[in-house]
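Chains as they are written, first to last, in my numbering: chain A, 3 to 451; chain B, 458 to 754.
It should be emphasised that the hints constitute simulated quantities derived from the structure, not laboratory data.
Predicted model only: the values in this text are computed from it and were never measured.
Backbone N, C-alpha and C fix where the C-beta goes; we use that ideal spot for every residue, glycine too.
Simulated pairs of lysine-lysine, DSBU-like, Cα-Cα distance not exceeding 30 Å:
#1 Lys719/B <-> Lys427/A
#2 Lys394/A <-> Lys750/B
#3 Lys699/B <-> Lys719/B
#4 Lys705/B <-> Lys123/A
If you want a taste of the chain B side facing chain A, the calculated C-beta under 10 Å gives, among others:
#5 Ala479
#6 Arg508
#7 Ser520
#8 Val523
#9 Glu586
#10 Thr672
#11 Leu675
#12 Asp676
#13 Trp709
#14 Ala712
#15 Leu714
#16 Val715
Label pairs and their in silico Cβ distance ranges:
#17 Ser752/B <-> Asp425/A: 26 to 34 Å
#18 Glu546/B <-> Glu225/A: 13 to 21 Å
#19 His250/A <-> Pro504/B: 20 to 28 Å
#20 Asn497/B <-> Asn169/A: 43 to 51 Å
#21 Glu393/A <-> Pro504/B: 47 to 55 Å
#22 Asp233/A <-> Gly665/B: 22 to 30 Å
#23 Ser283/A <-> Pro504/B: 42 to 50 Å
#24 Gly700/B <-> Glu393/A: 27 to 35 Å
So you can see what is in the structure, the chains are spelled out below.
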Amino acid sequence: MSEKIRSSRREFLGRAAAGGTVALFDIVPARVLAQPAPSDIVNFGHIGLGGRGRQFLRPEVKPGDKVRANPNLGGPGDRYLRPSRSVALCDIDSKRLDEAATKLGGKPRLYKDFRRLLEDKDIDAVFIASPDHWHAIMTIAACQAGKDVYVEKPACNTIEEGRAMVNAAERYARVVQVGSQGRSQTAAWQACQYIRNGQIGTVRKVTCWHYASPTGDWTPDAEPPPNLDYDAWVGPAPWIPYNPKRTHGAFRWMIDFGGGQIRDRGAHVMSIANWIMDCDSTGPVSIEATGEPPHDGMYDSAVTMTVTYEFKNPDWTLIWAQPGEPSTELEGRYGAKYWGDKGTLTVTYGDGQNTNTEQKAKDYKPLLGGVEVFRSPGHAENFEDCIRTREKPIMHIEAGHRVASLCILGNLSFKLQRKLLWDPKAERVLNDEEANRMLSRPGRGPWHL
Amino acid sequence: MAEKEAQFLKDIESSSADVRFAAWRRAGEMDPQVIPALANLMASSQPGVARAAREALEAITHSVGVANSDRRRTVIRQFLTVLQNNRAETVKAQLLRQLSLIGGDETVPVAAKFLKDPKLREEAAFCLERIPGAAADAALAGAIASAPDDFKARLLAALGHRRSEVGIPHAAQAMQSSNKELAIAGAKAWGRIGKTTAAPVKLPERAGLTEWQKTELLDSQLRFAEAQAANGNAAEAIAIYKGFLDEKEEHWQCAALVGLSKIHLPEAAMAIYSKLKSRNPRVRITAIKAWRKHSEA
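Generate coordinates for the entire structure from the input sequences, incorporating the hints supplied.
Structure (structure tokens):
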């Protein structure tokens, strides 16, 4: 841009500011400007109503009502739902749709096609709890329709999907929260504050542990049940015949749909790691995975797996291991141990229910001038607050994309059985043509990014 | 076939899952001559054997994935031969997926033939969409004329995803279709390709579109505007964004403000300024953020 144009623009900005308008807006925080009237109630739509999706349902909560939030959705135990109500439900399984409508009560509007739900002008925001391979397309479509989005973790199935989700949220100025709820747990916040204030020194290594994945069996393919629109269930993913052991719940063990433990629980444990290590907008420079898939059966995600991620500036190593070495300081079926040059700290789980840390972190209070980490009031509550303030939520989509990238790249290295050198800025693999082609996946039929 | 390869194929057919697993894990070391036999085994009625054969084919693909080489060319030749001779659709689909990862121009004419096969055209489009280069662009574009409308949309999506300029005339033509789904598919491809043409492109009329089709159309215009701004065609981008500031729904106004915040020209700043006092808090906040971004640039 020429200097002339640049200075003209600045002159204009300066004149406008001198007129008072900008000065006024510059000193009034966004949250004040966006405060809703007391009668404002956020109307939610729900896409995907399996076990997880149903946990987000809520009857009408009016301003002043004291309704306890679901304890499994991340946050302190004494939190209350914000004024809101569920007004519309969508699922491609009519049985699940009916069950959810019955659970909710009242007269929610029911949809089988998520696009019809998104056309509903009465809806402010959506909860997306579909299988992982649908997250990106549904989130992007919701942003296009002007809805704010809470999308379950992991954010996406490919690197390209994640970047497209970030772009859509930015393009439409939408609030997008990813459901790695551990960041809203008190223990994770305490651990983050403890480590960021240097209590274990400089952290050079984070080691995660998790039990192995199931190996699966051979269940014959079958006709899909009449209540399930199976073509819609497969959606953008490559076609595969219906099998009850690959759909509801079990999709997680297939790389094309879920991606195994590293994508399921890794999206919790490594979300906490990225948060504590302040890596929400960057990634590793190398990824190397070893391990074994099931020797037999239908599933193809790793049963055992160790992934080593190297980060630069600052230099540290993240290791995902299933089963791995559990911490001896604190018991948990999965979690991570942070290794500093002055000590260690363990954070178990990292999900919205069981997250825990050691007593020393719980007792810690930062000194005056120390690092004060934002404390989420609860994962869904933080999302709802941001709907009103238009600020970024604690697990915003860029952070969600970066965590999902760790999971995706771990699986990619595992599948290719070779080390990948990664450019976290360009989001490309260095010197590996096939790996780069696998960073995106053409959508099937009408489903494209 | 060498003894090593013969033993490998025998192991892939073993009744022991562990023996099959050990075999597929070493498949990348085998002579590509084993590929036709593996393709036949992929159609086995024994699911464990079929899986081992599929995994072995994938391992062979991955073993040549890093960069072009003589061995990669040999593997591709074997895949293409099987693709043209094996009768099983599941085998052909699998090979098209493998070729999407390592195939080049030599793969294009063979894969393109399947664009006319109703049962395999989706897999062929998947394969070609991933293969870089002008030959794949031309094959996808060349199939549009004779494709049924729903598959025309699929081909346009592939060209849009590839940001392929050869898709522009096809997208422009599709936008004038009386089939609204196809017209919107054309608009989506046009917006994603994001290149201007000598003759102005006529967008589909909004009248007669469903709510969702209107959303897709407007989103396509925004993507086109983003591309114009990124390519230095700020005037066209600003004109599009200004139009969006007049839209009734707040998110279209917000999108315009976000787009304008990236164009560091007085006209863009003035357009943002016009929304600083919007009564809609979302528009107002987005305008303030856009204004600040401008100020900081």
